[in-house]
Each structure stands twice: as C-alpha cells, then as structure tokens.
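S.K.: So you can see what is in the structure, the chains are spelled out below.
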Amino acid sequence: MAERLVGADIAPPDLHAKITGRARYAEDFRAPGMVFAKLLLSPMPHARVRRVDASRALAMEGVIDILRADEVPSRDGPREACLTDTPRYEGEPILAVAAVDEETAAAAIEAIEIDFEPLPFVIDPLESLRPGGPNAYVDGNQFSGQDGWSDFKWTNTDFAKVDAGEMPDPSCPVEWTKGDPESAFAESALVLEETIVHQSLTHHPMEPRSNMAYWEGETLHAFVSTQSSQQTKFALAGALQIDPENINLVSEYCGGGFGSKIAGTTVMQIPALFSRKINRPVMLRITRYEENYVGRARPGFQTWLKMGFLQDGKCNAIDLIIVQESGPYGAGDFNTAGMIADLTYTPQNMRFRGVSMYTNTPPKAAQRGPGGAQIISMMEPILEKAGRELGVDRFEIHRMNAPRGDVQFGPRNATLTSVHAVEALDQGREMFDWDAKLAISGKRNGSKVTGVGIGLSPYTAGSRGRDGMMIIRPDGKLYVHQGIGNLGTHSIADTARPAAELLGYNWKDVEIVWGNSARAYPRSTVQAGSQTTTAHTRANHAAATDALRKIREVAAAALGGSASSYSVDSGRVSGPGGTMTLGRIAERAIAMGGEYSGEVLPDDVHAQTVPAAQILAGEGLMGIARDNYGGEGNIYSWVAGFAMVELDEETGMVELKEYVGVTDCGTVIHPRSLGAQVFGGSIQGMGMAMTQRWVFDPQWGVPFANRFYTARPPGFLDIPADLKWGAVGIPDPQDPVGAKGIGEPPVGAGAAALTSAIADAMGGRCVCRTPLTPDVLLAEIEGRPMYGRLEQHVG
Amino acid sequence: MDQAESVSVLEKKYSRRTFIKGVIATGATASSAGYLFRGSPLLGAATYQTATERLITLNVNGQERRVDVLPHETLAMTLRYKLGLTGTKLGCDRAECGACTVLIDGVSQYGCSMLTHQVRGRSVATIEGLEDADTGELSVVQKAVMEEGGFQCAFCAPGFIMAMTEMIEVNPNPTREEARLALSGNLCRCADYDKILTCAMRAAELARSV
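Residue numbers (our numbering), protein chains in the order written: chain A, 1 to 795; chain B, 796 to 1005.
Treat the hints as calculated values from the structure; they're not laboratory data.
We put the beta carbon where it would ideally sit given N, CA and C, even for glycine.
Some clues are possibly wrong.
Claimed, not checked - Cβ pair distances, simulated, as ranges:
{"hint": "1", "chain 1": "A", "residue 1": "Asn-445", "chain 2": "B", "residue 2": "Val-965", "range": "31 to 37 angstroms"}
{"hint": "2", "chain 1": "B", "residue 1": "Ala-928", "chain 2": "A", "residue 2": "Glu-599", "range": "43 to 49 angstroms"}
{"hint": "3", "chain 1": "B", "residue 1": "Thr-930", "chain 2": "A", "residue 2": "Val-610", "range": "51 to 57 angstroms"}
Stated by the list, open to error - Here are the simulated DSBU-like cross-link-like pairs (lysine-lysine), alpha carbons at most 30 angstroms apart as the crow flies:
{"hint": "4", "chain 1": "A", "residue 1": "Lys-724", "chain 2": "A", "residue 2": "Lys-657"}
{"hint": "5", "chain 1": "B", "residue 1": "Lys-938", "chain 2": "A", "residue 2": "Lys-178"}
{"hint": "6", "chain 1": "B", "residue 1": "Lys-938", "chain 2": "A", "residue 2": "Lys-508"}
{"hint": "7", "chain 1": "A", "residue 1": "Lys-277", "chain 2": "A", "residue 2": "Lys-161"}
{"hint": "8", "chain 1": "A", "residue 1": "Lys-724", "chain 2": "B", "residue 2": "Lys-938"}
{"hint": "9", "chain 1": "A", "residue 1": "Lys-477", "chain 2": "A", "residue 2": "Lys-448"}
{"hint": "10", "chain 1": "A", "residue 1": "Lys-448", "chain 2": "A", "residue 2": "Lys-724"}
{"hint": "11", "chain 1": "A", "residue 1": "Lys-178", "chain 2": "A", "residue 2": "Lys-306"}
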C-alpha cells in the first residue's frame, strides 16, 4: 500500500535548497551585463515635480540612463504608477537611474537636481473628514470611476461629538443595517461604548521586493519577489500592456509577503521597463529602508463601537463606525471588518458605517487577516469587559456569542460551509487549562500582575473553481504543475498531496513543478486570503480524478476487462487483466493521444490553462480538470487563542508567558506546517498589537519608524520557549478533501488573546488602542493616558 | 594616512562602532553608501577604477578566493556580488535582522556590518560551506532542519543555520531557553520560532551523538 500523504509531516521538496543556500530568491539571480537601478524617493508626502536636471548625474562615469515617470504606464485617479511626478507619500519613487553598480547609481541619484512644489497633505483621515480639512489629492478625497473626484466631509455637528469623545452620527459612503439595532439596544442589559484606534503598520517581509529583468527580443524575463506565480505573470503583462505569453516569470522562492506581494509588486515594472530602454539586464535591489515606504502597510482604523448585551452575556446589538486610513491608493479592510464583527458576535441587530479615506502615507494593502485582525484585536477585550460587568465567565461569553452552523452574517445574510469555533474554544480551554489560569488572573508577584485572555478570530479560507493539471510521464512519476506561489506556507507541495494519495503515489515519486512560467501552469488563484489550500486541493483532486479515470481506461484497453475494475497503488495499476506500471500507462496514453495525452482538453478549463496544457500535451498521461465540486456558503477558518501574560506595573513591560492556539480549518494535511501557521500568524498579531509602532511626524507627514529596530516585529525573546497548538480536525463537508486555509485567522487570535490578557492584567481596563507598547501601558497605569484622542499615526 | 593600514588596524571583533569607524577611515561617507554594492570586472560589468580598489585574498569555506574589494565594501556584498555566494541574504543592510549571519573564525557575525577588509587572514564560513564538499553530506544542523521541517519562507534560514552552527559548538547541551537566547540575534518575520527552536535542539542532540 502506498503511504498516507494527508495528515503526515513531510518536509516540502524545496527545503534542501533553502538550507544549503541554493534557493534563489529574486535578488539572487544574475545575468551577463547586468546593471543596477536606484530610485529617487520623494522627500515629501505630497508634491509636484517642477523640474528635474539629471545632466550632472548622466555625465558621471558608469551611469547609463534615467527612467522618468512619463515613460511608465499610468492611469487617472487614485491609481499607482511605478514612477510618478506627483508623489503622494514620502518615499514614493519619482525616477530611477541605472549604472554599472549600485553605488554609482546611488551617487547619481544624489547628483540629480530636482525641484518640488509641496502640496497640502493629510496623514490622519479624521482631519480630511473635518470641514475645511486638507485632502490627500488636489482634486478631492473620494473618487468614483463614474463621477471622478469629490470632496467628502462630515459636519460640524459630527465633529462636535467626535471632539467631545462621543459617538457621532455621520453619513458614510458604506452603510448597512440588519435587524433593529435601536430597539435591541433599548432591551440590552448592558451597553458598552468605546472609541478605538488601530494603527497602520508596514508588512516588512524578510525579503524586500527586489527584482531583476531583461529582454530577449520580444520576451521579457522577469525575476520577481511575489506571493503568487501564474497570476503575477498576468498582472505584469497587464501593467506593461504586453502579451502574457511573452513573459517568462521566474518566482521560485519568495521571502514572505503577508499580503504585500499578492500579484507581485508595483516596483517589478521598473526593471522590466528600464531594461527594455537600455537593452541590458537591470537589478533593482530594494533596501529595508526603501521597503518601509514601497512595501505596503495594513490600513489603520479609527472606530466608534457600541455593543449591547443581554443579562446572560449574549451580544444583541452592534453599532460600528470605521474610518479607514487608506493611503494614497485605497484598501478594502473596513468592509471585511464589519462582516467579521457580525459573524463573530452574532448580534442579529447591527448597523455598520464605514468610510475609506485617502491619506498621504505609504500605500496600503491586505495584511494577513485584513480587516479581521484589526477589529478582532480591538473587540475581544471589550467582549471580555462585558463578561466582567455582567458577572459572566469570560470563556462562556466567547462561547455563547460564537456562531453555530446556521449562522447568517453581513448585510446579505451570508452563510458558512462549516464552523467549529465552539469546538476550537472548548479544545483550547482544556489545553490552556483556562479554569486554573483564571484562578491566578490578577495575582501579583512584586510589581508584576498576571493576566489571561482569549481571542477568537475567523477569516475567509478558500475559493472554488480553479483548474488542476498534472501529468504522469513515462518515467512513472507524477508531475503536479502548480501555478500558486512559494512563499513559505508549503502549500506548493501540500495541495498536491490529496491528489497524489488518490492516485496511490508514494511521495518520492511525486514531482512538484513550480517557479517558472515556462513550465506551464493551470489557472490558479492568487496566493492570498488563505485561498490556496482549499482552492488547489480541490483543483488538484479534480485533475487526479480525471487522471485516475484515464489510467483505468488505458489499462482496460491494454489488458482487457472493465475500466472500473482497475485500481492504482504505488506506481502500478492492477485489475482482472493483470498489472502495469504507470510509466507504461503513460507511454500508452501518448500513443492513444486525444484526451489521454492532453491533446484534447476539457471544454470548461480556463483560457489561461489552455496554452499551458498545450505545452505538455503528448508528453504523458494528463490529468486536467476544472474544480466543479461546487458548494454553498463562504469558507471560513477559525483560531481560538489563549494567552497568559505578566504585566510589570513599574516598567509597562508585558511578558507573554503561555500561548495556546486551536484552529478549525477542516482536514489537516500537514500538521507541523499547520502548527507553524497558527504560531507564526499569532505572533505576527502580537507584533501588531504590541511591538511594532509606525509613528509619523504630523508637521511634515513623514514616518519616523522606517526600519526594523524602530518598528520592531517580535523576536525570539518576545515569545515563550514553549507554545501549544491544536486543531479541531473536522473536515469541511462541502469539499472533496475537507481542508480549509489557515493563513489569516491566527493573526487576530494572537493579537486579541494578548490585548484581552493585557486588559485583564490591568483589572479589566480596555485601552482600545494599538500598539500597546510599554510607554503606553505605563502611562495608562499611572493615569495619564497617551492615547486620549482618536489620532492616527501619532503615538 | 595610508588607507590599507587604516583598515588593517581595525579591531577584529565586530561592532557597529568599528564598522562605522572603518567606513569613515576609508574616506567614504558614513551614509548609506557603505551598504551598497560597487561592481567589479568579475561580475562582467564594466567598472571605473579608483585609487582605493585592490585585490585581496579571502579564505571562504576553506578556499582561498582572490577578490577585488573596495575599502568600504561590506562582507555580505563581497560574498553575494563578487564571489557568487548568494546564500547569505540581505534582509536589512544594517545589523537588525541577522539574515546575513556568517561565521568568522567560528564566531557568528552580521555580514552586512563587517568590512571585507576586516576578515583578511581569517576564515569565513557561509551557508554554502556547511555541506561536505566531497560527499554533499549535510551538516548536523542542516540534517536537524530537514528532519524537523524548519522554516517557512526561509529567507532567514541561512542566517539562523549559521547561528545554530555556532551555538552547538559553544553550548552542546542547551536548554530551549538557552537556545532561544543564543539565536535571539536573528529575526524570522514568519515567526516560525517554535519550529526553529525545535531544529536547534535536534541539531544539538545530533551533534552530541556524532
């Protein structure tokens, strides 16, 4: 019998390369005659370039050429170009210079004379909403494709309330209501009102978005740092307006993205365009300092929340207003945040209002758990506060409000394929020993106080309808072609496992094909939003099912008997007529041609799959199919996080003592990697809530914290030496494999468990701000709160 | 002051202060220029000559390598862009993340924050040098990482593996707590710390059994 592949710890096939230095990330590629580009970054948050004199720079020895904004694609409205003469944030690339080496290019940048006209800017969205306040764009602060720019402001009445610390009643571009919040609040035994500020913060993946490109005739070879592979090729082709089939996109390894490199990066256009102009390979090495600016950030929230509870602790009404700090090019987190609040607390009566405001800060993008992580990390301590005030056990208040299988959420009453949040909470309670921990909550040891808290966090975890493509070659091996990316989640290999298991393969006989678009990929998802595990276990399962049918038919044709009487195991197919190796089957499939060797393709595969399949046609037995398994409802995963901290009241330092994360993400494919996702996401959430801080100078609109040491992600010493994780492990019933993604939800769980535990250590006081750095906590403890008002980017 | 002399008298032990002093001593500005890459003919790119450029011999992974190095050039840049050793990663350029960690005479150092001239006459070990050159057999640390399935995106992996390689020499029998301290000079943005620690413990175990 072939080995079990689903549920086993199998190191991904690229690990050997990763630990020997052979793995090539974008900046590790070289090409003959390669030159280096450097960027001139805007020194102002909003400006217009009046004049550029590059003559001194271009005259320098070793300098090759300059690339200006008028040579790159651009579109009207709040849309990003890779170079611009109207920078909308400090650090936006204005122009690039290429030289024989990086130092010469940097010296040339210094030698460029450039004259800017400074323009009004805004870094705090509330200032842009204030009557008469500044806008991030010259033409306004709201944009629609139909009507263009407009000027959106709240009223003086709204701001009288805001300034008095009360919840305003403003009009917002996005608004929905379900149930009857007003009547529900009247019935509530307890109504809590809070103002919340969640910070905006940079993604800072370990690998900055360096990339290299060159042309051979009409073919662009692009070496890109990207989360996705196949979809990045199409994104780059779209940006450059060239035929995707003329791009050879190499993306073998990606040093992390967390949402900041979903379909590649904006700066990946620069080497492509520059190398075409100067006809030499161009390397653009992005430094950590530059990554701070061009590297994307999570949108910040300024929020008013009203939450009503019945006597038993059940949340019965929510009124939520979110002002989102969206940078110059927008983001969608706030919409998701509204949905997730409704899903997690099941109030039945909810009003949501939201407005996305352009600001002159570095561009925003989805950051792991976008919207969900922000709202969960802020609302969970408030839920626990309600438990305290109503005398309801804090675990019970999470449990009673968590959704069950029949949940309907959001304005259109969305449903879920499955939900086992309650089971995740129950399992976590046991693993963490919540009841014993609760007994030491508030216990003092010198100046240190113990706090415990829970964070329950959902997020979308899958999509449907992609294509799978695999081929069994005459060597008998199964080659699974994966157009998803390789950013460290191991899904590049793990999503092939259920398919390989279906075909009775041992893992050593499975080859994962990835990393270079010339190798042919089926239509794939972007590697984002935790879609991949679901989308591509399904797509590969469909393709393997197709391959299995073809193997049986080829065997029956060769050996006699009915196709259905043949079965596969360990590289052989056996039945009434005898047995054959799959290598022999592949040879026969090639001879039979037609659908067996991929010369004839299913009608319903995507147009992006067809040219890839044509590359492989005739080389073996092809399994190819669209995921037609269907399904109703949204696919969501959950993580319940439990944290115990010690808060030192003399220093404001918080030490995480214990953490348990339990997930509901369906079938577990790769336990060790799943644990790593639960911990990694949770710890990233803790960094968001506690250690990273992105502070701006309000006078000049520039960030102070532009490196790791000033916006510090958690290090080894920020987490305990032992963490625990668990999985509910109940397969999703609407899925042939039953697996749901896991990338996103742990971020909110880790952050919220921490913010809840800190609130507990402070006697139940919710600060309702992130990040909770020691100075902030110390000020709170000493009764001089630092975060009095609703300012964004000031800490 | 003769520039070759000025770099040769620099303290052997890395420090940020030493690094900046070194950059200043070479006449370069102490701005970001020290973190950038100056080309050489070895890369195939034309470069212009300066009076300070010089050919030196480095001992890297047990081999003598002749290389054209500027006085203010960092070791990480020399390794990556002149010696083709791209396993050493640049995560921050400035001693904040440890992705560029290499061993100098067996001691872990940030390659981005050492001048190449500082390592003349000393032995430099990078991730590419850990395998047995003849058999391709992995080092005990690499074996441990394979067994435990360490790392996610793995951009930090070469640096961590070099730090682990030093750790098992210095402290062959660490507790998880001690291993955590030994590796705290390296950052993993995927926050795969739990698994990295398990790898480090397994590496120490394997080393003890050799």
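S.K.: It remains to establish, for every hint, whether it holds in the given structure.
M.R.: For each hint, the structure was consulted:
1. A:Asn-445 / B:Val-965: 31 to 37 angstroms: With a Cβ separation near 32 angstroms, A:Asn-445 and B:Val-965 satisfy 31 to 37 angstroms, so the hint holds.
2. B:Ala-928 / A:Glu-599: 43 to 49 angstroms: holds, 47 angstroms
3. B:Thr-930 / A:Val-610: 51 to 57 angstroms: violated, 46 angstroms
4. A:Lys-724 / A:Lys-657: holds, 12 angstroms
5. B:Lys-938 / A:Lys-178: Cα-Cα ~57 angstroms, so violated.
6. B:Lys-938 / A:Lys-508: Holds: B:Lys-938 and A:Lys-508 sit about 18 angstroms apart, inside 30 angstroms.
7. A:Lys-277 / A:Lys-161: Roughly 56 angstroms separates the two Cα atoms, so the pair is violated.
8. A:Lys-724 / B:Lys-938: Holds. A:Lys-724 to B:Lys-938 sits at ~24 angstroms (cutoff 30 angstroms).
9. A:Lys-477 / A:Lys-448: violated, 59 angstroms
10. A:Lys-448 / A:Lys-724: Given pair A:Lys-448, A:Lys-724 holds - Cα atoms ~24 angstroms apart, limit 30 angstroms.
11. A:Lys-178 / A:Lys-306: holds, 15 angstroms
The earlier numbered hints that this structure contradicts are 3, 5, 7, 9.
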